[in-house]
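Student: Those sequence lines, one after another, are chains A and B. Just so we're aligned, residue 1140 is where the first sequence starts under the numbering used here, counting upward by one. Just so we're aligned, residue 5 is where the second sequence starts under the numbering used here, counting upward by one.
Rather than coming from a laboratory, the hints here were simulated on the basis of the structure. Accuracy of the hints is not assured; some may be wrong.
To be verified - Here's a subset of chain A near chain B, in silico, CB distances under 7 Å, partners left out:
1. GLY1176
2. TRP1178
3. GLN1179
4. LYS1285
5. ASP1292
6. THR1405
7. GLU1540
8. ALA1543
To be verified - Footprint (simulated), chain A over chain B, 3 or more residues, beta carbon under 8 Å:
9. 45–58
10. 241–254
Idealized CB from N, CA, C, for every residue including glycine.
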Amino acid sequence: MAEISASSAELASIPALLERNARKYAARPAYREKEYGIWQSWTWLETHEEIRALALGMLDLGVAQGDHVAIIGANRPALYWSMVAAQMCGAVPVPLYQDAVAEEMAYVLEHCGARFVVAEDQEQVDKVLEIQDRVGHIEHIIYHDKRGMRKYDHSRMNALEDVQATGRAAHHRFEEELKRRTDALGYDDTCVMLYTSGTTGRPKGVVLSNRNIIEASKSSSEFDHLTEKESVLAYLPMAWVGDFIFSIGQAMWNGFCVNCPESAETMYENLHEIGPTYFFAPPRYFEQRITLLTIRMEDAGTFKKWLFKHFMEHARKVGPKLMDGEPVGFGDRMKYALGNVLVYGPVRNRAGMSNVRIGYTAGEAIGPEIFEFWRSLGINLKQLYGQTEASVFITQQPDGEVRADTVGVPSPGVEVKIGETGEVFYRSPGTFVEYYKNAESTASTKDPEGWVATGDAGFFEEGTGHLRIIDRAKDVGKMADGSLFAPKYVENKLKFYPNILEAVVFGGGRDRCCAFINIDLTAVGNWAERNNISYGSYQELAGHPQVLATVQEHVEEMNASLAEDKMLAGCQIHRFLILHKELDADDGELTRTRKVRRRIIEEKYADLITALYDGSGSVSTTTEVTYEDGRKGSISATLEIRDAEVAHVRAGTLEAAE
Amino acid sequence: MNELAPDTYLTDDGRKIGPPVLEMKNITLRFGGVTAIKDISFDIREGEIRAIIGPNGAGKSSMLNVINGFYHPQEGEIWFRGARRPSMKPYEVARQGIARTFQNIALFKGMSTLDNIMTGRNTMMKSGLLAQAIWWGKAEREEIYHREQVEKVIDFLEIQHIRKTPVGRLPYGLQKRVELGRALAAEPKLLLLDEPMAGMNVEEKEDMSRFILDVNDEFGTTIALIEHDMGVVMDISDRVVVMDYGRKIGDGTPEEVRSNPEVIDAYLGVSHD
């Protein structure tokens, strides 16, 4: 194809990019990991050697061309290396969600037919061993962390560093074979296979070629002028396409440094220490940071509180304008500069965002206030819209054209069109090859001309050419009276309140809307502490009358704002309840990327939904829960159902329409 | 396979249990007219997890305090690593390689997790007060070395996220873990745990059990623990001593102890016919 220039033909695979980086950026840092309290780092030259040793060791173990190598664990340099090492052997890495329970893992391992598994630690090895009998083809496990592994039967497993040692010792035997396999990698060979979390049905294996990953990385890097000097924090699941693009694709293309946190719990602190220049986080993250900040400010002294409030108001006024290069008066500029020293700088620093040149958020709608908050602090936070099948990028916001309610313009090289039903379609060099062993789904998603259906409904804004996403196309429905039902839109509005973590709205085909609410334990727990309300568990706090009253206020406030929108006025929440447990991916209620699985929730909590609609004041229920180790238990509760006041749509618009 | 030394055997899960490291011979401890421990003898073998159980007031903690050098028995002998131990102060016992945790957490509440665990290595620091104060030369090298060891303990116990948090602010379960960390930092030959799981919920208990087993497995540390939770004791220990009113009423593997009628009477409280 035309896009292969002479130079990129040589750089047709991740191992080829690694080779180039080892020459071009030999002494620059490639990976850092905090261990034993210190940031350990590897240069590109060292990284190349580590990966090669691992690849040679894999050849010794018998990794064949075309094999799938499953990788399970948190973000560790060694696991990133094992992905590239697998590619060097001509195999295909398949990263899995590390918090998946054994059951979910069994399906993916069975489906991809992996013979080799690279696991982070004992916990992951145990899961693999548990399902090994059922998934017959797993031959060998390579584990990274040796802790607690001494007693295991090692006839079919090895420590990763031992595999590397074998590889180093055996380099004469396998060097030629490795070179042959690595050189044979072309633009059309598979780079990686990623399983989509799937809000419905079984996960699907998305096959992405070297062309997909490298072209997507290349054009997105050019779009944001990324260089080898960037530094990113790798903390999102390795099985997620975004992490693969940021921490492997773009990192390899540009030669920048990937930093791995010490553990999931230390992520905030590590972020603060590293101060990345390029940062991605889901909207939830930015919300949580503000919640934390607000909680802390409430503990501060009166003067500091005043200072914070005063300067944040000023920031909201002029911050975004300054960033977009719009004219701002001299006095306002000076005041902003002062605020920068006193407030904005320290806040950015605490949040680990002092050096962020480009920040992205995606995956869900972000609350306008939240988005504006970060931008007013002088952080270039932007939105993008993407999916696994597109190698992430479909649309993104160029600098200076950033708004909370759009997802930007088509990314370079991507064509976007809106179908007759309002569904968004795209076509790009990043478009996936196929769903693995699932020709049917491939055909229904990607047409022969290469257009892919996103499953999202949206439209292009006139004048600006920015794309706006409304909802999942299949979730957008009609209520009994024919008015539009867009559950996610309403849920997002509810979730913009810091006290509300998750919401599920029902109402498709019914006469009115009702909702389940999950409270945010951090925010509400802090409130409880402040007001001397004692609670023993999530369940107890969720059932507290004052909590119910607060949530009711939020719901009613949101109803009032919905009423102003003629199209969506019908989606106001009439009745709601606060769930007695947090929706959890382990129970299958959320996807691993924390999206609500509507159908499963509807089935599981059918009794609660009935109660919402039959007018009863409370409902007793028992729910099965799955613990992290896969065991099951149950909790029962009696939930109070509240009626929320519904705002009247202005001057009988509905009647007029009828 | 190479021959095992006499007195040494392998457990079912492949750990090597060696000859006794600590032998308590006919220990009697009295407080005035009250006899807390009455003529008790038992041993703790190298590499094993040894539990001491018994109802409230049975003398378990007193026994730990005797081993620890805090109490001095009126009668009896203590043999540590093949030699009779003279009457010692607790810090001398600590230098010999016996570390412990306490039933009521005894950490420095205002200090961070890291600093608390660092204190576990206090007995090993050789440089003088002045050198430490100005952090120069040997003192600096020494601290770096000790910090490295402490970081390994932090990594092992998975408490990186609270490294700099004052322990007073930590939940109970984590404080217990920090205390275990401080004992581990002393690189003990024998680790005494006084009710390591008291007041914990099921999940915390499971975590703690795993850490105890891991410590024993990874570092080969001999562990003596006092515990109320029978389930935990039976699951993780190799041998169990049962005490009641200062007397020893049972000693053996968990199975043996479980089927000992006297133990059932005194402790488990299940009637037998």
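Student: Against each hint, give a clear statement of whether it holds in the structure.
Tutor: Hint check:
no., hint, result
1, GLY1176, "4 Å, holds"
2, TRP1178, "13 Å, violated"
3, GLN1179, "12 Å, violated"
4, LYS1285, "9 Å, violated"
5, ASP1292, "11 Å, violated"
6, THR1405, "5 Å, holds"
7, GLU1540, "39 Å, violated"
8, ALA1543, "32 Å, violated"
9, 45–58, "violated (count 0)"
10, 241–254, "violated (count 0)"
Of the numbered hints given earlier, the model fails hints 2, 3, 4, 5, 7, 8, 9, 10; all others are met.
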